[in-house]
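Asks: Line by line, the protein sequences give chains A and B. Just so we're aligned, residue 1 is where the first sequence starts under my numbering, counting upward by one. Just so we're aligned, residue 1 is where the second sequence starts under my numbering, counting upward by one.
Incorrect hints may have been included.
Pairwise CB distance ranges, derived in the manner of DEER restraints [unchecked claim]:
id: 1; chain 1: A; residue 1: Pro-37; chain 2: B; residue 2: Asn-116; range: 28 to 34 Å
id: 2; chain 1: A; residue 1: Val-10; chain 2: B; residue 2: Asn-116; range: 26 to 32 Å
id: 3; chain 1: B; residue 1: Phe-98; chain 2: A; residue 2: Ser-38; range: 54 to 60 Å
id: 4; chain 1: B; residue 1: Leu-221; chain 2: A; residue 2: Ser-38; range: 53 to 59 Å
id: 5; chain 1: A; residue 1: Val-66; chain 2: B; residue 2: Phe-99; range: 35 to 41 Å
Don't read these hints as lab results, they were simulated from the structure. Glycine included, C-beta positions come from ideal geometry on N, C-alpha and C.
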Amino acid sequence: MARLSLRNLVKRYGQTEAVRGIDLDVADGEFIVLVGPSGCGKSTTLRMIAGLESVTAGTLTIGDRVVNTVEPKDRDIAMVFQNYALYPHMSVYRNMAFGLRAAKRPADEIDRKVRQAAEMLGLTPLLERRPHELSGGQRQRVSMGRAIVRDPQVFLFDEPLSNLDAQLRGQVRTEIKRLHQAIGTTIVYVTHDQVEAMTLADRIVIMRDGRIEQVGTPLEVFHRPRTQFVASFIGTPTMNLIPIPVIRIDGQPALRLEAQVGASPLVIPVTGARAGALEGHAGVTVGLRPDDLRVLPASAATDQALQGSVVIAEPLGPTTQITVSSHGLDLVGMGDGHFLPKAGERVTLTFDPETLHFFGPDGARLGA
Amino acid sequence: MSQAALDADQPWRQRLAASPGRVLAWTLLVLGAIVMMTPLAYMVATSLKPPHEVYEINIVPIEPTFENYTYILGNSPFGLWFVNSLVTSTLVTLSVLFFDSLIGYTLAKFTFRGRNLVFIAILTTLMIPTEMLIVPWYVMAKNFGWLNSYWGIMFPGLMTGFGVFLMRQFFMGVPDDYIHAARIDGLGEFAIFWQIALPLVTPALSALAIFTFLGNWTAFLWPLIVTSSRELYTLPVGLASFSNENLTAWELVMAGATIATLPTLVVFVVFQRYIIRGVVLAGLKG
Chain A
1 MARLSLRNLV
11 KRYGQTEAVR
21 GIDLDVADGE
31 FIVLVGPSGC
41 GKSTTLRMIA
51 GLESVTAGTL
61 TIGDRVVNTV
71 EPKDRDIAMV
81 FQNYALYPHM
91 SVYRNMAFGL
101 RAAKRPADEI
111 DRKVRQAAEM
121 LGLTPLLERR
131 PHELSGGQRQ
141 RVSMGRAIVR
151 DPQVFLFDEP
161 LSNLDAQLRG
171 QVRTEIKRLH
181 QAIGTTIVYV
191 THDQVEAMTL
201 ADRIVIMRDG
211 RIEQVGTPLE
221 VFHRPRTQFV
231 ASFIGTPTMN
241 LIPIPVIRID
251 GQPALRLEAQ
261 VGASPLVIPV
271 TGARAGALEG
281 HAGVTVGLRP
291 DDLRVLPASA
301 ATDQALQGSV
311 VIAEPLGPTT
321 QITVSSHGLD
331 LVGMGDGHFL
341 PKAGERVTLT
351 FDPETLHFFG
361 PDGARLGA
Chain B
1 MSQAALDADQ
11 PWRQRLAASP
21 GRVLAWTLLV
31 LGAIVMMTPL
41 AYMVATSLKP
51 PHEVYEINIV
61 PIEPTFENYT
71 YILGNSPFGL
81 WFVNSLVTST
91 LVTLSVLFFD
101 SLIGYTLAKF
111 TFRGRNLVFI
121 AILTTLMIPT
131 EMLIVPWYVM
141 AKNFGWLNSY
151 WGIMFPGLMT
161 GFGVFLMRQF
171 FMGVPDDYIH
181 AARIDGLGEF
191 AIFWQIALPL
201 VTPALSALAI
211 FTFLGNWTAF
221 LWPLIVTSSR
231 ELYTLPVGLA
241 SFSNENLTAW
251 ELVMAGATIA
261 TLPTLVVFVV
271 FQRYIIRGVV
281 LAGLKG
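Chain B on its own, in the form it takes in the complex:
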């Protein structure tokens, strides 16, 4: 029986009995939660405040209003930015899931000349900071005519060294016998990857999906540089446009940011389930 189950059998008073370790653990957890939640609470609170109240310290708005929301939805291309972000983030995530797992699988399960060299080459891309790549990306996008387009926003992220690394490590853990069994069962190599190997690494896919989607959803620097027309902005770039050298309309930025967090929550809730289920499955195996 697990510790949690044992605990559940005890009366709650006993469960709350304070041992110094437990007090410390709870204190740290509560502090951590406060540190994490405060900005979020402030974001939501500010989004509900009228402009003159924004710089007040109170968390609960004195005159709560939804005007900020109606304003950004009605008077800015917010819906368009949202769609831009959703489309680019989703496409990039799908591309990363497909290509990174395909490359990771190949590196993990096939032996060929130069395999380690390829892997190391891919790993080295992890060590180059994004800032260094911005200029080459820009030059490339300009030469190919990709500036100010969806493709321009997406192309640098369509395959990632990190994803390849993560998927390779997970595929290494898939027993070869599954693949051999499928080969004897008559599946082609791609079908083995797609029907047998990929379903065995759903926890890794889920983690990669969350990382990639969130990373692209919040990406600011590259979309800012590659897009020039307001209609092509992604959400973070669009939200930033509410501030200029004279004034930042924080209440509008926060209203936009509040809406922007919703898809990330959905992604997390959906894929987190798969991560947990994957861990459970792995525990029951063998």
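Same shape as in the complex, but just chain A:
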């Protein structure tokens, strides 16, 4: 187990800058998930940690050792690949033993470690099989077993679940989490799936265009996204983002949501500490999580509610996800599980102004 530290890490391919100077400290035994859209530099970062990509600039430290130019095999890391990368011409046992054999460990130690890991992952009956005789989930477990036997300081996972179907993905996700609890090794995990990131991570690192947008616990990044990008990336369904002009009423800032012809605009007063955040801004982007936007029958209308007509209603069981056209916007909100309005039906939308997130023109969060 070890700490991991990235200082101003840069990766350039010719003129293209894939990673643009990132700083990150991973504590001993921490489970860190790098998440972001394709091309955000998360995999490149992981591969630099693994030593599969050279570091263009910056410092990479594992434990107390700067490893910028250290060979992958000498970094004391193990990696689980997206397509498992199990050697197809070797049995499960040989696949798992391969790294230890290459390191010329004694045969009895190899055997003990392989069997121990196989036991932990439920692979014992499969040890003599070849990879092509295994299901996707079993292959992924073998690939984890291969990493475990090496007893590394840091585990690296490169989108390990993306080749599995939805149900299996959930299962293996649980196994990975349990594995981390059992062995407590530092893990750096890359995914583009924010659900994986939320469920697995101690801390999430959200990346975009080769930079870190935010580092925080799953709840921090969900409840207090530092940028508009993070707000829209984390959480399903995606946060509603609405550009709204800021007006002043009695010296206090307020938000004025213009209505379509024939209806009155909605004015949302902003009070307390949050008011200060809006000072000096002519307009802001307001973020509202679908879970914070209640969709009710039209009869529930009040002054502080939005009106709209249903575009589509998608029953999810306990709740219904409803897209509503209101004030010229398509807003996604949640209704009761038994509330299934038809398309075109009038509905009322309510929310607590305290749940609103404000973002400035540069996308940065305004206020606490």
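Take the given structure of chain A and dock chain B to it, following the hints.
Replies: Just chain B now, with coordinates in the frame of chain A:
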């Protein structure tokens, strides 16, 4: 279920039911088989005929005899020629398998300045006909003192542009993750090539082995030119020596040729298995 399996479930009468397409396909296949097999059948037949019967049209010998075989085995250096062919063809094949795959792997999996230039240079060697190279090869062999030696027979074929091209294409299809995994597992670059990458391209290796072995086993022109002593002849050159300006002893040539086909059959049967298995493995992957 595959078409073949479906077919197998049907009564044979139904399977033979003639659709025009099927009749055409079978006719073409049978014709093709006849065209392919006739020379082979004639070769074996002629090898079993006594000299006076050689120019008869009959396929089945009237007075079958093994004398041709006993003659070439007893009264010519046939055994020596066979060994010469076997040694040179095998060594050249091993060399081609090793070096061509090593070069192909390097070109496929490493990025370095001038990589494409090297690849194109190797490809261009494919466009030069052998006949054009004979004289330079001969001059080279003469200057280095390689004339009339095993090395002289073998050196032009030890690495081939075609093999490099074939292996490079196959290695390009090997996912980089295998190589990265092996690198993390602590293997050196050569060990990665040898233990991980090479076993993943056995179908290509098998194909290359068959092509190379057969090509060298039947090679005639260069061995004829580079060898001068009868003891160093390869099989095709040796067999050709049974004919001269006055007479060709076809029955002896055919007996020799019949024996000469045996190793090629062995090579084909052995390596064909790997080709088929490789295809099956590839189908199951992922």
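Asks: Can you give the numbers of the hints that this structure goes against, from lowest to highest?
Replies: 3
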